[in-house]
Structure formats: structure tokens, C-alpha cells
Amino acid sequence: MTKLLNRVGVDIGGTFTDVALEHAGGLATCKVLTNYNHPEQAIIDGIQIAAQKAGIALSEITQVIHGTTLVTNSLIERRGAKLAFITTEGFRDVIEMRSENRFEQYDLNLTLPKPMVPREDRLTLNERMGPNGEILLPLDPAEVDAMVATVLEGDYEAVAIGLIHSYANDAHEQQMAKALRAAAPDMSISISSVISPQMRELPRFNTVIANAYVQPQVADYLGRLVHRLGDVGVGAPVFMLHSGGGLISVDLAAEQPVRLLESGPAGGAIFAADFARGHGLNSVLSFDMGGTTAKICLIEEGAPKTANTFEVARTYRFKKGSGMTVSTPVVEMVEIGAGGGSIASIDTLGRIQVGPRSAASEPGPACYGRGGDEPTVTDANLLLGRLDPDNFAGGEIALSTAASDAAMTERLAASLGMSNEQAAFGVTEMVDENMANAARVHTVENGRDIEHFTMIGFGGGAPLHACRLCEKLGINELIIPPGAGVGSAIGFLKAPFSYEATRGLFQRLDAFDAASVNSTLTELEAEAMAFVRAGTKDAQTTTKLTAFMRYAGQGWEIPVSLPYKSFVDADQAEILAAFEAAYQTLFGRVIDQLGIEITNWSLIVATVLPATPAVERHGTGAVATSLRTRQFFDAALRQTVDAQEVSRAAMTAGQSVEGPAIIVENETTTIVTSAYRAIGQGDGSLRLIRKGDAS
Amino acid sequence: MTPTAIDFQIMWNRLIAVVQEQATTLIRTAFSTSVREAGDLSAGLFDRRGRMMAQAVTGTPGHVNAMAESVTHFVRKIGADNIFEGDVFITNDPWLGTGHLHDITVVSPTFRGGTHIGFFACTAHVVDIGGRGFGPDANEVYEEGLLIPIMKFAERGAVSQDLIRIVRANVREPDQVVGDMYSLAACNEAGDRRLQTMLGEFGIADLDGLSDFIIETSRKATHQAIAKVPDGSFSHSMQVDGYDDPVLMAVKLDVVGDTLTADFYGTSGMSRFGVNVPEVYTRAYACYGLKCAIAPQVPNNTGSLEPFVITAPEGCILAAKRPAPVSVRHVLGHLVPDVVLGALHQALPNTVPAEGASALWNIQISARPSDANSGLRNAEVLMFNSGGTGARPAHDGLSATAFPSGVSTMSVEATEHVGPITVWRKDLREGSGGIGALRGGLGQTIEIEPRDGYDFYFNAMFDRVENAARGRDGGGAGAAGRVELSDGTKLRSKGRQLVKNGQRLRLSLPGGGGYGQAADREKTLVAEDVRAGLISDAQAQKDYGFKG
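Those sequence lines, one after another, are chains A and B. Going by this note's numbering, 557 is the number at position 557 of the first sequence; the sequence numbering is gapless. Going by this note's numbering, 94 is the number at position 94 of the second sequence; the sequence numbering is gapless.
The shape of chain A in the complex, shown without the other chains (with noise of 0.2 Å):
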């Protein structure tokens, strides 16, 4: 596949639009502000200004990618469609009684998030299928017709479907959805059996509804996205990176918009899985910390870890349990309440805390001199000598340190009995630990031994802890990579088109059917097949196959790859073989005797991405020039050190400074402890090294 150049890759977060467009001459990047009330202008301000430095004309862009955490604030401020749910009778409150537990233990006024349809607006129908997909009670048709009365008296904008078994089943999500498009031909209907057909009714009304909920509004965006960009001279297809980390058709995405609720965050995971393709890596943890969060994500063999559940809009602290189930494709990210807005506090106890309250960006941290008064881990990181209060951004925001000290000393240091260096160290320390027992139980989760990663680190934030963490984690190699402040939006360049179709099947291994998997696994394929097509018609594609599997009497399934084939009965043998090896990677053993259950299938059709070139890797070089001296503390050694500040420029291939030192750009600052070394390398990336390791 020749590369396609004047690619632009468009990511709406929070605070920024980022734009990165791909051109003859390089990367262009750029910043601008989000326009909550018309995003699409962002996106054509800042894709004039790329195309401006690129020096191509507007319609010589080829394909716009996009990726937005639009559709998650959408569901997170319940901005969307008045909606209708539509499901089994005697399951009209699944979505309210959620677990039935608890996410706080100790908390006797906890409350719990509002279901997205209030109880009223929950419609039940006399209908029921069993678990093999066999109607238990069929459905009336008077009564979908009634239904259809009841739908359209009430003023509904959209209409979400979810029956129970209806995955194994979907003649009656079809009927009643057929009934109502006859009725109303306007009306947004999503349908669980089509949105996410996975076993588990939670999950899978959640994501229908989350569908349904915003479907209305993100067409309508998409809409005028496409035409704006049309009427400005950019007619090139505009295509969705969704939550899997892949491309879809902007069409699909408006159908199907619950694909989209992580696909800004996903942009950079695939941009850290490029770089640890560049580099060779097998093993990566990428490290985005920002402003007020930070994600872990685990990367292997050159690919972000994937899931087919999540939890959306937490509530409670980042809290577990706090928010919305959805079962959807998605790269699986670890996200923690840790950013250089962080606030720190003491609690009961006298306790430094950190975060999960955020300053955001405003007011800011106290060294803003916005009005913040309370010490975040951006003014620990000032008062530690770890950024420049003269050289912040650029130069463009002057840092007080005196509002940092007044602010900790105030809030901190005072009622601690400690220096403001010591509570400032003790801010940063906490907030390192929280990441780093975050990304340890996130690597033991998933049966992998975290000293043998590499760190890829990207964000605002991660080049001044990224260090420190892996002095924590007893990881031996760092890479920080060149264009981090908008790596999201480098990574929509990187994906390739994908769709990952899933469906629910249960079957019991030693009863194996291979004529049924093997006609769900032909639709399955179909399925995903034509939407990559829609992208892309003649690229080449891959086709990944994972069934999830448990011991019978096991509660949770573990993915289990699969060769991508036609089977016959036989292959339970080989299907067995894979499961105990999964099985043994995540808990370090297998159970003979015990029956074996696949409960889903999931398939994944991606066109093959051009290889990425192999990075011209250096482990020792020349010793960079140094701008100057200057001091910082050492968390490790406890201790002020003096180091030397290299500019970020004078970092390339080959040149090389010894810890402790301090490499400054206008995005961000790198930390390099005393325990390590850095070296520039080929792709422009910082490596560092611990000192005395032989790689």
C-alpha cells in the first residue's frame, strides 16, 4: 500500500481541538480552542491554519479523520435525544437496579447516577425468548401496535429496543422495530441485537440506550461537519476513529455513534503502539497524562489492548462502579484521577492526598496566578525545580513561584510541620505512587509482569513523572516521543480501517457445534467485511477471531484468540488447547475437569497497515551541549541535584545526557533522574535508560 499523503487527523477533546495533517514535507500540527456550540469550526480554523504551514491548498487534502470526546460529554452532561425504552416486561429497571451493590463501602449517603431513561419513559412488552434463542412467549402483534401508539403519543426524539436474550434472538427487537419505522420513518431507533448483541442484559441496554441517547445530535453534527468542510473546499471523505482504535465511515459512526465514546483517548494509544512498532517493543505501557487525568494502556506485539466492555461517565471520583457499563469495542485504558491540575489536600488523618479534584485549567494551579489557591502537582513540580517558572509553555504563561509557595505553605506545609520542598515532594511522591499502583494492578490483571515493559510516555504531564514512575515500577526503558501534546490526533494517522462485530453464542465446549459457530462467524465477518469496505475498497485485511470462554460456574470470560477458519466438531481439541493457554497467562494455572463454556464471539476485519520503518535506535551517543546548570530534587535520592539543561532540539540522533538532567521544549519538560540516561534517537524520540542496564 503506498502511503497517502495530506492526511489531517482532527481530535475535539475538552479544552483543545488538536489538528495534525500529514504532508510531502512532514507533520503540521496545531492547537485551537474547542467551540462547544459549533465544533466544526474548530475543526476547519485549525485545519486552515495546518494547511497553511503544510503550504497545500484545501482541497488537496485527501481524508479527514476525526476522533471526539463530544459524544462522552454529551452522555456525561445528559444532553441528549428525549428518549423511549422499549424492553422485556418484568425487566423494566435492569438499568436502574444496575449490581445492586454498592461503589462505595463506607459512604451511608452515597447516591447512585440517575438511569439515562426515567422509569416512566420505560415501556414493557409481553414477549419473552430463552436463553438458546427458543420463544418462551411470543409477541403479539396487537400489542407492538399498541406500542407504537404509546411511542408516538409521548413526543419521543429516539426509540432504544433492548430485550432480554434478544442477542441469541432478535425477531422480536425487529418486529417491534419494523412496527415503529413503518409508523415513524424519522424517528432514530436503535436496537440492542444490532448496537452490541452480547450476552448480559446491563451492558447491553446501557449501550443501546447510550446510542440511542445521542444518536440524534451526533448525526446532526457529523452532518454539518461534512457539508462545512465541503462548503470551505475540503472534499475529501471524513471517516470516524472509533473506541476500538480503528476507522469507520462517518455514515456508520452517525448510526452507530456508541462506538465513538473513547475514540479520542484510543488516538493515543495507537499513537504510543506506532512508536513501539518503530522501536521493536513486544511489551509497552503508554503513560498519557494530562491536566487532570492520566491512562495507562498496554501495548503488545505493536497493538493496544482491547476490550468488549467499559465503564462511561463515573460519577464518583473515577470510582469503579460509579458510572455506565457499555459493551462496545474499546481499547482497554486504565483512567486515574492524577494531572498537573491535580489538587492536593491533607486529609483526616494528616495525610498527603492528590487529586482526584482537578484545577483544571481554570483557575489553574496557583503558579497560573489565576486565582487558584490551592497547591496542584504543577506547583509541586515548580517548587521542586522541575519546571521553569521563566519558561513554561514556551515562555507564553509566566509561573509564580511565589503563588505556589503561598499556596503550600497555606494549605500544606504549615499544618504538616514540614518545609514547603518537603510537602512538595510529598505531593508529587503521591501522585506517582497513585499512577504507578494503578498501572501495577492494571499489568497483574491482565497475567503480565510490568518490569519487563518499556514506558512510552506522551501527554503535558508524563515527561515530568514518566522517570519516576518507572524508578517505581522497575521499568529499565523510556521513550518519549517527539509531537506528544497531540498525539491523539497523530494517532488517527495511524489506524487502520477496522470494525469489530460480536455476538453473543453460548455453547458448551465438549457439545462444540461448528456448523452454527461457523455460520455466525460467516455473518459476523459479512458484517464487519462491508463496513471496512466502505472505507477502503481494495486494501488488503486481516481478520481476528476471539471467542470468550470461562470454566463453567465462572462468572467472568477471558478472550482466547483464535485462528480465523472453518471448523469442524473436531477442533474442540485445538479450541481447548487455546483456553488453558490463556488461562494459564492470566492465573498461572489450568483445572482439569472441569466443562468449558464460550459465552461470545467477537471478529475484527482491519486492512494491514504499512509497516512502520524500523527507528534507527541508539543506546549510547555524543554528550549534547548543554544550555546551562540548573537544580531540581531527586525524588529517589531525596535530595537537590544539580543537572544539566539540554534543549529538546539539541536532542537528536545520537547525542546524549546523563542523568540527572532536564530537557526542556515548548510543549513540555522531560525529567531525566540521576538513574538515568537519555538519548536522542532517529524518530526524534527521547530514550532513556537506566544506567548500568546493558540494553
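Worth double-checking, as some hints may not be accurate.
[Said to hold, decoys possible] Mimicking EDC-like on lysine to aspartate or glutamate, the simulated pairs with C-alpha atoms at most 20 Å apart in a straight line are:
id, chain 1, residue 1, chain 2, residue 2
1, A, Lys114, B, Glu528
2, B, Lys228, A, Glu153
3, B, Lys152, B, Glu69
4, A, Lys537, A, Asp347
5, B, Lys547, A, Glu120
6, A, Lys691, B, Glu201
7, B, Lys77, B, Glu201
8, B, Lys490, B, Glu528
9, B, Lys228, A, Asp347
10, A, Lys114, B, Asp520
11, A, Lys537, A, Glu525
12, B, Lys547, B, Glu430
13, A, Lys31, A, Glu525
14, A, Lys565, A, Glu616
15, B, Lys220, A, Glu525
16, A, Lys114, A, Glu153
17, A, Lys82, B, Glu430
18, B, Lys547, B, Asp520
19, A, Lys114, B, Glu522
20, A, Lys82, A, Glu120
21, A, Lys544, A, Glu523
22, A, Lys319, A, Asp347
23, B, Lys152, B, Asp162
24, B, Lys523, A, Glu665
25, A, Lys31, A, Glu665
26, B, Lys490, B, Glu201
No lab work stands behind these hints: they were computed from the structure.
Given the coordinates of chain A, assemble chain B onto it according to the supplied hints.
Okay, now just chain B, sitting in the frame of chain A:
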């Protein structure tokens, strides 16, 4: 390097992550449904004297200080000079562990540089322990299954094959139970690996200084919190269903300065059936309830638990004596917070919730072919279900939500793949929340039918059928629970019963009590409840004088 205050704080933070990782390892490897789905497990780190330093927050407050106490029993029984590197200790003694035979506790001593520095301990509910199976019908603990006294599961790394053989011969699912014993030992090892890394990183040789810091900081914070509770003596009681005869749970709280004692004097005597509670389990739930209201932010460790001094007279149903049957001790155990919080309410008005359904409505279903010769398979299905919680001073109660337990329910679709049953209904039980300025949480209605070719037995262990959750400060009681067939035939709320093919079991779970006078409920909230169908028009009119 001498650790500073900041170092101690960071290490404390790390230890909580270490025990959480220990717990996660167990959750992901355990076979027991209740471990996996309900978080019915516990994991923690102890110093060499057996004082708990950190404990994972899991789904079961019942393990909060039950496990904390158990390690001291291990130290005493094994003997300090009999502890070797590579040892792993075990027990499921209800009185020395966490209250019933189904919970196995495993304790692993941890060493550094050849010196014993502490213990990792964990507890999990296993799928089977022999005997009659999980249910209240036994009359002595001997009928409830195999009791493993405190002993060595492994000595110097060698696992006791004799113990394994005995367990295998006594339980219905030997692979899963023995597998879980190994999982327990492995999760302690996982914790130890992280601990060793931390000790290396901070350059310290033992846990003593850190343990003193954690425990004394927590003790001080807890005493300070207790000191804010007005002094006085506060008595309260509550009647609940029990097995056959009603049970009176009585408690007296004494608050003097920064000390608090709770005594269950006046509580009914033991039952002939397995609803009895060993004192350790009573203490755990009483402490949990008090801690939620008084010092919720202090992490669990010996320092934060010891200031709550909780006792029950030996031989009462909340301090059952050997060899009482104790298999379903969770039912009354879950009701303990309601009674202690009722007493605390007198000292701290506008703090604690009204009474709730509290005891889980777990149901164990054994599906059997109607025709034994049909060739159909037997199947076991376990479901966890919750009623409504009591209204809070500033919020309505939570509908169909577990409290004090932290368990989760399972997907109906997944459950129907486990066994041949159809769950026709699992939705909110309209009108079941106690009335008040703040409404109690609603219970739920569940209807279950055996599928073609099957009957099923179910083991009832349900409370608040005869004794509803009471409201507070003028709030009304929640609806009482009901156990019946869908044709209205009443069934017993405790013990094993049959539901035949063609019949439907209907469970109506209790609602939570209301808070404050119904007349004070904001009209907009009443209107919302009517619109949502949480209460009927008639109820709105009768209870709240509301006309839509």
C-alpha cells in the same frame, strides 16, 4: 535510610495497593461464585505480633475485623517458635475465622533476610465444605461440614498431602475447593512479592516502625472521631424473624470521652438452626456500622478497629457457643448494623439511615429433572438479590441495593445459562419503600419457574418477612417481604422447599424504612414517584395527601 513521615505515608498508601492486589489475585482465580460475584473474601497484611496493618476493601464488611482477630489465634495456636519460612497456615473454624465453615482463612508468615517480619492473611468463601450444604437446617456445626482446625497447610514449602486428601474426600467439588485453597496461598505470595519490593525500595528491614505509625495514626484519628459523639448510654432493640421463633437483638452503647463500647446484653438465646452468629462475626458487622457513621475515612487496621469495643454475652444468638450450627450466620449478621445504628441515632441525630432490608435474599436453587430417568442434568444456581435500604437524613433510600453487604447481583441472562430456570420478573417492587419525608428504598419482585422437564428445590434464608424495616423520626416501615407461589400460596421463609414444574416462585423483597414525617415530603418528589410508578396514585393520596 531513616524513613520520614512522608515515606511512612507513601508506604501506607503502597500497602493498601498491595493488599488490594492480593485481593484482586484471589477474585480472579477463585471458583466460588460468591467470591467472584459478591467479593466474599478478605485480604490483609499483619505485623509479626499479629496486628493488622492494612486490609483490602472488598464486598464483605463481615470480614472486617473477623480476619483481623483471627491472625492472633494463629500466632497463639501455632506458637511463635514454630513459624518457618515457607509455612502456610489454614483454618475454617467458625469461631477462630470468619463465622462459618464455608470461609477458609489462610495465613502465610513473611520473612526478610531470614527474620520473620509479619503475615499475609486472606479469607474466601468456598463452593462447598461437605455436610448438608449451604443452608440453615442443621442442628449442630458437625452437620454443616468439615472443620479444619488451625494447622499447617504447608510447612517449609511442603504442602500437607494428608490435609488435601481429607478435604477431597469430604467436599462435593474437590477440584474447586482444593483449587481455592491453593488460590488463597498464591494470593498471599503475590502480596509478599510486592511487599519485598517496597522494603527494598525504602531500605527498611522490618515492618515494626511502619506498623506503629499506621496503627497509632489510625487509633488517634478514630478516638478523635469517637470523642465527637456526645457522651451517654444509648439502648436500642429490634425484633427480626429468626428461623422459627422471633429474635430480639438488643444493644447498649456507652460513649465516654473517646471510648465507645457496645454490648448485646438482652439479645435472644441461640436457635436450634444455623442462623446463629459467632461473636467475632457480630463484632465485625457492629463495628462496620459504627465506623460508617463515626469514622468512615479511617482505613481498616488494628488501630482503627480496637477503639470500638464490642461484646455479646456468650450463648446469645449473636455470640453462639460451639457446637451451634452457624452456616447462614450472615442473615442475622447483616441485621446487626441496623440495631447499633438505631442506638447511635440517639447520640447522633440526623446521621444514620432508617432500617433497611439489610439481610441479602440469596437463593440457592437445585434444579432436578421431574422424571429421574429423563437423562436431564442436575444443576445448581445461586442468585444474590437485595431489597431496599433505609432512607437517609438527606436522601431517599437506595432501591434494590445491598447494605451492609457489598455484593453484586448477577445477570439474569447469564443465570439462565447456568441452570434450567426462567426468571420471568426481576424488577422494583412498587410501593414497597417506607413512607416519610425521605422515602425508603424499594424492594424488588422476582419470579422464577423451572424450565420444561424440571422441578427445583430452593433453600430459603430470608428475613424481614414477619418484621418489616422500621422508619426513623416518624418515617413509616418498609413493606415486609413475602415468599409465595405466583398463585398466592404462601411458602416458608427459611429452609428447603420444592417448586414443581408449572409453578412459579415469587419473592417480594422488603423495602427500606422511611425517614421523617410523610407530610414533610416535598410535593415535587411525591409527584416524581407517582410519575415513575414507584408509588401508586392511591398511595400518594393516602400516605402523602397528594392529588396529581
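Quick rundown of the hints versus the structure:
1. For the hint pairing A:Lys114 with B:Glu528, the CA-to-CA distance comes to about 13 Å; that is within 20 Å, so the pair holds.
2. Between B:Lys228 and A:Glu153, the direct Cα distance comes to roughly 56 Å. Violation of the 20 Å bound is thereby established for this hinted pair.
3. With a C-alpha separation of about 18 Å, the suggested pairing of B:Lys152 with B:Glu69 holds against the 20 Å cut-off.
4. Distance hint between A:Lys537 and A:Asp347 is unfulfilled; the C-alpha atoms sit about 59 Å from each other, more than 20 Å.
5. With a C-alpha separation of about 18 Å, the suggested pairing of B:Lys547 with A:Glu120 holds against the 20 Å cut-off.
6. The suggested pairing of A:Lys691 with B:Glu201 holds, with an alpha-carbon distance near 17 Å, which does not exceed 20 Å.
7. For the hint pairing B:Lys77 with B:Glu201, the CA-to-CA distance comes to about 34 Å; that exceeds 20 Å, so the pair is violated.
8. As the CA atoms of B:Lys490 and B:Glu528 are separated by approximately 33 Å, the hinted pair breaks the 20 Å bound.
9. A hinted pair counts as satisfied when its Cα atoms are at most 20 Å apart, and B:Lys228 with A:Asp347 qualifies at roughly 17 Å.
10. Between A:Lys114 and B:Asp520, the direct Cα distance comes to roughly 23 Å. Violation of the 20 Å bound is thereby established for this hinted pair.
11. As the CA atoms of A:Lys537 and A:Glu525 are separated by approximately 16 Å, the hinted pair is consistent with the 20 Å bound.
12. Of the pairs offered as hints, the one joining B:Lys547 and B:Glu430 holds, with about 18 Å between alpha carbons and a cut-off of 20 Å not exceeded.
13. Between A:Lys31 and A:Glu525 the alpha-carbon distance is near 39 Å, which puts this suggested pair outside the 20 Å criterion.
14. For the suggested pair A:Lys565 and A:Glu616, the alpha carbons sit about 38 Å apart, so the restraint of at most 20 Å is broken.
15. For a cut-off of 20 Å, the pair hint linking B:Lys220 to A:Glu525 is broken: about 63 Å separates their Cα positions.
16. With a CA separation close to 24 Å, the supplied pair A:Lys114 and A:Glu153 exceeds the 20 Å bound.
17. Under the criterion of a C-alpha separation no larger than 20 Å, the hint pairing A:Lys82 with B:Glu430 is inconsistent with the structure, at around 24 Å.
18. Distance hint between B:Lys547 and B:Asp520 is fulfilled; the C-alpha atoms sit about 15 Å from each other, no more than 20 Å.
19. A C-alpha spacing of about 19 Å is found between A:Lys114 and B:Glu522, which places the hinted pair at or below 20 Å, so the restraint holds.
20. Our distance criterion of 20 Å between C-alpha atoms is met by A:Lys82 and A:Glu120, whose separation comes to about 12 Å.
21. Restraint check for A:Lys544 and A:Glu523: the C-alpha separation of about 14 Å stays at or below 20 Å, so the hint holds.
22. Restraint check for A:Lys319 and A:Asp347: satisfied, since their Cα atoms lie roughly 18 Å apart, inside the 20 Å limit.
23. Taking the CA atoms of B:Lys152 and B:Asp162, the gap is about 11 Å. The hint holds against a cut of 20 Å.
24. With a C-alpha separation of about 60 Å, the suggested pair B:Lys523 and A:Glu665 falls outside the 20 Å cut-off, and the hint is violated.
25. Distance restraint check for A:Lys31 and A:Glu665: the Cα-Cα separation of roughly 16 Å lies within the 20 Å cut-off, and the hinted pair is therefore satisfied.
26. With a CA separation close to 64 Å, the supplied pair B:Lys490 and B:Glu201 exceeds the 20 Å bound.
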